[in-house]
Amino acid sequence: MGIKEVDVRVPSRELTRKEMEELNLRLNKNTGEWDFDLLANFGENLLKGVGFESVELDKIYDLGLQDKEDEIPPQPIKTDVKYGDIIELGRHRLMCGDATKKEDVEKLLSGKSVDMVFTDPPYDMDISDIMKAYNNIECGNQIWLLTDKLLFAFIKSVDIKLLNSLIVFHLKSIVPNGLYLYRRHIPAVHILRNRNKKFINQHRGFSTVIEMKYRNTFGDKIIEHEKPVESITPLILSFTQRNQLVLDLFGGSGSTLIACEKLNRICYLMEIEPTHCQIIKDRFEQFTKTKGGEK
Numbered sequence: 001m002g003i004k005e006v007d008v009r010v011p012s013r014e015l016t017r018k019e020m021e022e023l024n025l026r027l028n029k030n031t032g033e034w035d036f037d038l039l040a041n042f043g044e045n046l047l048k049g050v051g052f053e054s055v056e057l058d059k060i061y062d063l064g065l066q067d068k069e070d071e072i073p074p075q076p077i078k079t080d081v082k083y084g085d086i087i088e089l090g091r092h093r094l095m096c097g098d099a100t101k102k103e104d105v106e107k108l109l110s111g112k113s114v115d116m117v118f119t120d121p122p123y124d125m126d127i128s129d130i131m132k133a134y135n136n137i138e139c140g141n142q143i144w145l146l147t148d149k150l151l152f153a154f155i156k157s158v159d160i161k162l163l164n165s166l167i168v169f170h171l172k173s174i175v176p177n178g179l180y181l182y183r184r185h186i187p188a189v190h191i192l193r194n195r196n197k198k199f200i201n202q203h204r205g206f207s208t209v210i211e212m213k214y215r216n217t218f219g220d221k222i223i224e225h226e227k228p229v230e231s232i233t234p235l236i237l238s239f240t241q242r243n244q245l246v247l248d249l250f251g252g253s254g255s256t257l258i259a260c261e262k263l264n265r266i267c268y269l270m271e272i273e274p275t276h277c278q279i280i281k282d283r284f285e286q287f288t289k290t291k292g293g294e295k
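Under the numbering used here, the final residue of the sequence shown carries the number 295; numbering is consecutive throughout.
Keep in mind that the hints are not guaranteed to be accurate.
Pair by pair, the computed Cβ-Cβ distance ranges are [unchecked claim]:
# : residue 1 : residue 2 : range
1 : Gly43     : Thr275    : 37 to 43 Å
2 : Tyr83     : Thr16     : 52 to 58 Å
3 : Gly43     : Ile77     : 41 to 47 Å
4 : His170    : Glu14     : 54 to 60 Å
5 : Asp80     : Glu14     : 54 to 60 Å
6 : Thr275    : Lys172    : 24 to 30 Å
7 : Pro11     : Trp34     : 19 to 25 Å
Think about it this way: if two alpha-carbon atoms lie no more than 30 Å apart in a straight line, the pair counts; the simulated DSSO-like pairs of lysine-lysine are [what the hints assert, rightly or not]:
#  : residue 1 : residue 2
8  : Lys107    : Lys82
9  : Lys132    : Lys101
10 : Lys172    : Lys59
11 : Lys156    : Lys102
12 : Lys78     : Lys291
13 : Lys48     : Lys59
14 : Lys102    : Lys78
15 : Lys132    : Lys107
16 : Lys82     : Lys291
17 : Lys101    : Lys112
Keep in mind that the hints were calculated from the coordinates and are not lab data.
Cβ coordinates follow ideal geometry from the N, Cα and C atoms, glycine included.
Modelling step: build the complete structure from the supplied sequences, incorporating the hints.
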């Protein structure tokens, strides 16, 4: 192999199995190469302790995770969820509430600081209501807002200095809309409330264009304008670290929640429709094989 010298460390005493594993990782971290399949067998806290950063952990624990099946349950005939309810879904949280009401947002967050806001308001929502929801997010330093015809109205309503970038979700199939121009894209704006916050593109392939399937892989849509999970994950991966908090004030079918669960992020969602909340709850329980509970 052409290697003439090999670094050898001899401990002064017999090591436990745990100590040997940690020492092996620490030494290999500095000079060796990795088998990521084997690394995924180690606990995340151990890997963090020897110096693995969030972007490296994403790659290690991503093996096969993105392919885990996720299906949106059918629309429920009835639900016990009512306005004001908070449902704990693992370490995530879902509230049946109004994003335009500050008291509802404060109740959902319960004093928590948000690392990123990713939200997709209904396309027929009035710009004044969108701005109410936007202004309720006092602790969100960075916000991704998917929008449509209200894009320019929203840009006019915020401080232009806060706008960081504009990306486009490219729809792989044409969306007939009765107009002479078929829609093939959805714009999204990135707002930075803290201009000192820097973004380093550590995940290769992330650009200003993200491919999106108009309909998800599971057939007909359950909720209008629902977004596929695989279209959301690039933003969450690139703009947050593991265990950070992502807020979505328009929960819809819960795609942001599933993306966060897959990527080891925490998600807080607001959704005003009780039946949609039931869909989100059922979808999470179906995906994780666990039960959520009301608070």
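Against the structure, the hints:
no.: 1; hint: Gly43 - Thr275: 37 to 43 Å; in the structure: holds, 39 Å
no.: 2; hint: Tyr83 - Thr16: 52 to 58 Å; in the structure: holds, 54 Å
no.: 3; hint: Gly43 - Ile77: 41 to 47 Å; in the structure: holds, 43 Å
no.: 4; hint: His170 - Glu14: 54 to 60 Å; in the structure: holds, 59 Å
no.: 5; hint: Asp80 - Glu14: 54 to 60 Å; in the structure: holds, 58 Å
no.: 6; hint: Thr275 - Lys172: 24 to 30 Å; in the structure: holds, 29 Å
no.: 7; hint: Pro11 - Trp34: 19 to 25 Å; in the structure: holds, 23 Å
no.: 8; hint: Lys107 - Lys82; in the structure: holds, 15 Å
no.: 9; hint: Lys132 - Lys101; in the structure: holds, 8 Å
no.: 10; hint: Lys172 - Lys59; in the structure: holds, 27 Å
no.: 11; hint: Lys156 - Lys102; in the structure: holds, 22 Å
no.: 12; hint: Lys78 - Lys291; in the structure: holds, 18 Å
no.: 13; hint: Lys48 - Lys59; in the structure: holds, 13 Å
no.: 14; hint: Lys102 - Lys78; in the structure: holds, 28 Å
no.: 15; hint: Lys132 - Lys107; in the structure: holds, 16 Å
no.: 16; hint: Lys82 - Lys291; in the structure: holds, 18 Å
no.: 17; hint: Lys101 - Lys112; in the structure: holds, 17 Å
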